[in-house]
Amino acid sequence: MEKLTSPYKWGMVVDLDRCTGCGACVVACQAENNVAICGKQEIAEGRNMHWLRIERFWVGEYPDVRVRFLPVLCQHCKDAPCEPVCPVYASYHNPDGLNGQVYNRCVGTRYCGNNCPYAVRVFNFYDHEHAWPSPLNNQLSPDITVRSRGVMEKCSFCIQRIRRAKEDAKVEGRTIRDGEVQTACAQTCPADALVFGNIADPESRVARLSRSPRRFRLLEGLGTHPSIYYLKGGGREHV
Amino acid sequence: MSEPTPVAKSAGQLNDEMLSSMRPPTWRWHVLAFALGAVVAWGLAAFAYQVMTGMNVTGKNRPVMWGFYITSFVFWVGLSHSGTMVSAILRLSQANWRRPILRAAEAMTVFSITVAGLFPLIHLGRNWVVHYFLPYPNQRGLWPNFRSALLWDVTAITTYLIGSSLFLYLGMLPDLALARDRSDGWRRKLYGALAMGWRGSAHEWMVYHKASTLMAALIIPVAVSVHSIVAWDFAVTVVPGWHSTIFPPYFVIGAITSGVAAVISLMIVIRKAFHLEDYLTPLHFDNMGKLLLVICLLWSYAYFVDVNITWYAHEPIEWEVFSFMTDKYTPLLLLMLFGNSVLPITVLCFKKLRRNIGLMLAVSLLINVCMFIERYLIIVPSLSHKNMPFIWHEYAPSWVEMSIAVAAFAGFALLYALFAKFFPIMAVTDVREFEVRKAEVPLGRAKLPVVAGEE
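Just so you know, the sequences run in chain order L and B. So for the first sequence, our numbering puts the first residue at 1; every next one is plus one. So for the second sequence, our numbering puts the first residue at 240; every next one is plus one.
Simulated from the structure, these hints should not be mistaken for laboratory data. Take these hints with a grain of salt, some might be off.
[As the list claims (entries may be wrong)] List of simulated lysine to any residue pairs, SDA-like, C-alpha gap at most 25 Å:
1) L:Lys-78 x B:Val-475
2) L:Lys-232 x B:Ile-630
3) B:Lys-529 x B:Lys-591
4) L:Lys-232 x B:Glu-554
[As the list claims (entries may be wrong)] If we take Cβ atoms under 7 Å as the criterion, some of the chain L residues that face chain B in the derived model are:
5) Glu-55
6) Pro-84
7) Asn-114
We treat Cβ as the ideally placed atom computed from N, Cα and C, and that holds for glycine.
For reference, chain L alone in the conformation it holds in the complex (with noise of 0.2 Å):
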C-alpha cells in the first residue's frame, strides 16, 4: 500500500493586529466555495452557511470601548474531534493534514457539528442546491460540488486551488512553492491579516509568523492542535 506522506501541511496565520473587521473574507470565502446565501430568516434560526465568520466582541464601558474582531474558520486540527465521531468517514484526515469532508458520503447525523468546539461546521437544514436562480448559477465554481440538503459543510481551505496547484508543481517536477497556492479568504484580505502556506516548511512566510511570540491558538486546552496560528493584538484594543 502507498504510504501516505506529505511534503505539505497547510496552514495559516491570522494577525489579530492587522484584521479590521471588513468582512472580505467572508465575501471572498462565499464567492469562491458555493456557499449558499442565506437570508435574514436563516440566519435569525441560527442556520447561516457561512465558512468563516468574523466574531465581534465589545470590549470595556462606555465611553471606553473598543472592539475586537476573530475571524474564526474551521482550524484544520491534527487531531480534530470530528473526524473519529463520523460514522461514515465523511469527516477524514487527508495526509496534508487538512479535515476533508465528503458530501455525497455524509448521511447528516450531524455529530460531528456537535463536537467541533469551534462550531464552524454548518449544516444544510434547507435545500440550498437551487438557491442560485438562472442566470446566478453561471456564477457557480465548476469545481465544487453544490452540496445538497441534509449534509455537513465547512471551510476546505480552498482545497480545489491546493489541487490546482499541485498538477501545475506535478508537472514542472517540483513541490508548490511558497505564496503559490492562497485562500480565497487570504487573497482577498486587504491588510493581509490571513496568511496561507505550508507549516511544513520552515521558510515558508506561514511556518516564519508561526513563531511569533504573539501567538496561539484557539481552545488550546483542549488539545485538538489546529493548524491556524492566531497572532496576538498589541496595545489596548486587544485587553
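Following the hints, complete the assembly by docking chain B onto the known chain L.
Using the frame of chain L, we list chain B on its own:
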C-alpha cells in the same frame, strides 16, 4: 422476601384467567388500537414531511445539532433497559415473585428498543442513505468508521434487539404451546409453528430451564453495554457537560430507573385491563417499589457526583454550561429532582404507600416524565453553550419533532396492545410451575415438596 399469597385455583382456571388477554378483542380494544394507529399515522406523516422538506422543519440549528430525537432515543433505550434486565436478574436470583411480571417486562424491552432504534434514523439529514452505516462490501471499498460511537450504537442496539427478542421468545415457548392447544384455525397453525413442537416432556423442560438461565446470564452484560455505549455517544466528545467519565454508570442507573418505573406502570395497566388482580398483587408492587427505591437512591447519588465534580473542578466552560442550564431551565430541573429523587425516595420508604396501586402509578409515571427531562437537560443546554460564546444559540422543539416523539409513545403502546392480544402476556407456565413447586405432600410428620428442585 415473602412469597405471594397462594392462589387456590384449578389449572384450567389459571390458564383461562391468565390468557384472558387473548380472547377475541372487544370494541374497546378496537377503539384503542384505532386511536393509537391514528397517532402513529400522524407521526409518520410528520416524518414524511420532514424527509420531503428538510431538517429545517425541526428546531435544530448551529450549535444545537441534536435535540428532541436524540433525547427520545436515549429515553427509549433507557426504557428498554429494565425489562430484560429485571427479568434476568430476578430469574438468576430465583426471586419467585418475578413470575407474573416477567413477560410484561421482557415485551416492554423488545418494543422500546424497536422504537429507540428508529430515532437515529429519523434524525439523519439524509435518511435515504442510511445503509452507509452498514459494513457491506462495495466496489468503492468504503467502510463505516468503527471509531465512531454511533457505529457502536448500531452494533449494540442490533445485538440487544436480537438478544432480548430471543429472550422473550425463549421464555414464551411453553406458553405458545399452551396457546396452541387452546386455539383453532389459523391461530392454532401460527402458535404451532412458533411453539416449535413443544410437548412438555421432562427432557424439554430440563433443556428449557438451562437455556433460560444461560440466556438470562448472557443478556445482562449486553443490557449494561447498550446503555454505556449510549452514554459514550456523549462522554467521548469534547462538548462541555457531556465530557464526563461518570456518564456510562450514570446512564445505566438512569436507564434502570426509568425501566423499573415503566415496568411498574405497565403492570398496573395490564392488571387493570385484563383483570389480573389475583396475580399481580400488592406484594409485587411492594417488591418492585423496593427495587425502585434502591435505584432512585443510586440515581440521586450519581447525579450528585456528576454535578459535584463539575462544581469542584470549576472549569470555566463546564461551569458556564451548568449555570446556563440551572438558570434557563430552573422549573424543569426542579421538577426532575423532585420526580426522580425527592418524591420516590420519600414515598417508597413506606410499605403502605408501596402497596397503594394508584400512588405507585403516579410515582412511576412521574419518574419517566422526569427521566425524559433529564436527558433533555443533558443534551440541549450543553450544545447551546459550547466553547465559542459568539454562536451560542437556544433550541426549542418544533411541532414535527413533538409529533414524532408523541407518535413513538403511541407506536409503543400499539405494539404492546397487539402483543397482548395475540400472545400470552402473563408467563402462564412459570406461574403454574411455581404453584406446583409450592405444593407439599405430608410424609409422616414431615412435609416435602411435591417436585424435587435442582438446588
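| message | What's the verdict on Lys-529 of chain B and Lys-591 of chain B, does the C-alpha distance respect the 25 Å limit or exceed it? | response | holds (12 Å)
| request: Verify the proposed pairing of Lys-232 of chain L with Glu-554 of chain B, using a straight-line Cα cut of 25 Å. | output: Between Lys-232 of chain L and Glu-554 of chain B the Cα gap is close to 23 Å, so the pair holds against 25 Å.
| query | Does the alpha-carbon distance linking Lys-78 of chain L and Val-475 of chain B stay inside the 25 Å limit? | reply | holds (17 Å)
| said: Next item in the hint list is Glu-55 of chain L. Is there a CB on chain B closer than 7 Å to its CB? | reply: holds (4 Å)
| Pair hint Lys-232 of chain L and Ile-630 of chain B, alpha-carbon separation not exceeding 25 Å | holds (21 Å)
| task | Tell me if Asn-114 of chain L is really an interface residue toward chain B, meaning its C-beta lies closer than 7 Å to one of theirs. | result | With a minimum Cβ separation of about 5 Å from chain B (threshold 7 Å), the hint on Asn-114 of chain L holds.
| Can the hint on Pro-84 of chain L be confirmed by a CB-to-CB distance to chain B that is less than 7 Å? | holds (4 Å)
The structure is consistent with each of the numbered hints, conforming to all of them.
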